[in-house]
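Novice: One-letter residues, chain by chain:
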Amino acid sequence: DAGVTQSPTHLIKTRGQQVTLRCSPKSGHDTVSWYQQALGQGPQFIFQYYEEEERQRGNFPDRFSGHQFPNYSSELNVNALLLGDSALYLCASSTPRQEFYGYTFGSGTRLTVV
Amino acid sequence: AQRVTQPEKLLSVFKGAPVELKCNYSYSGSPELFWYVQYSRQRLQLLLRHISRESIKGFTADLNKGETSFHLKKPFAQEEDSAMYYCALMYTDSNYQLIWGAGTKLIIKP
Numbered sequence: 001d002a003g004v005t006q007s008p009t010h011l012i013k014t015r016g017q018q019v020t021l022r023c024s025p026k027s028g029h030d031t032v033s034w035y036q037q038a039l040g041q042g043p044q045f046i047f048q049y050y051e052e053e054e055r056q057r058g059n060f061p062d063r064f065s066g067h068q069f070p071n072y073s074s075e076l077n078v079n080a081l082l083l084g085d086s087a088l089y090l091c092a093s094s095t096p097r098q099e100f101y102g103y104t105f106g107s108g109t110r111l112t113v114v
Numbered sequence: 115a116q117r118v119t120q121p122e123k124l125l126s127v128f129k130g131a132p133v134e135l136k137c138n139y140s141y142s143g144s145p146e147l148f149w150y151v152q153y154s155r156q157r158l159q160l161l162l163r164h165i166s167r168e169s170i171k172g173f174t175a176d177l178n179k180g181e182t183s184f185h186l187k188k189p190f191a192q193e194e195d196s197a198m199y200y201c202a203l204m205y206t207d208s209n210y211q212l213i214w215g216a217g218t219k220l221i222i223k224p
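Residue numbers (the working numbering), protein chains in the order written: chain Y, 1 to 114; chain A, 115 to 224.
These are calculated hints, taken from the structure and not from any lab test.
Glycine included, C-beta positions come from ideal geometry on N, C-alpha and C.
Errors might be hidden in some of the hints.
One-sided and incomplete, this derived list gives chain A residues near chain Y with beta-carbon spacing under 8 Å [unchecked claim]: (1) F128; (2) G130; (3) Y153; (4) S154; (5) R157; (6) L158; (7) L160; (8) R163; (9) F190; (10) Q211; (11) L212; (12) A216; (13) G217.
With beta-carbon atoms standing in for the labels, derived distance ranges [said to hold, decoys possible]: (14) A:R117 x Y:E53: 21 to 31 Å; (15) A:F128 x Y:P8: 39 to 49 Å; (16) A:M198 x Y:P61: 25 to 35 Å; (17) Y:N79 x A:K171: 23 to 33 Å; (18) Y:P61 x A:P189: 22 to 32 Å; (19) A:N178 x Y:S27: 36 to 46 Å; (20) A:G143 x Y:N59: 25 to 35 Å; (21) A:K171 x Y:L39: 40 to 50 Å; (22) A:P224 x Y:L83: 18 to 28 Å; (23) Y:G3 x A:E181: 33 to 43 Å; (24) A:G172 x Y:P70: 15 to 25 Å.
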């Protein structure tokens, strides 16, 4: 089991551009959460997807959007990139009723906006 | 607002010494708390969870509701414990969103 897989590993974008990050959850998991981790900080919750719907959203602007596919994989899209969007983006998967037992994290995508 | 505070950014102890990583939270309800660890060049992984009341790699953590704390402890530190440690709070009225502390970097000196 490959666990949670994220792609790409690293990405450099120019301010104002758009970016799409991808996540495949751990086998058997159907819930995907996205987090942003700035340097020296803990992760910040962006949103969570379950049954192809956004179930919960953190305090992030509408420039951040997502999608979940029928195979439970997910995308995170960020429009109109700002320098402050530079961060490590983490994907975490789980199953309903298993959240209390912890999430499984991917290695993350390091986004640099120049 | 719900918050998790890890007051120490860096903690350095000698091998064999006791370790305590502090975590305080603010939450009016009944929290579920976790410790996650990130070893060098590895992904975040769950270390232990309050709900299970377990001991992993010699680490334990006790929830103290009076002091709103969930400190991580180990009686005898080992060099392989050097890592970044994050305390996280989950509350059910947010569909299981995790609120994270800023993390503590633990360095075990030989």
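Novice: What are the numbers of the hints the structure violates, in ascending order?
Specialist: Violated: hints 1, 2, 3, 4, 9, 17, 18, 20, 21, 22, 24.
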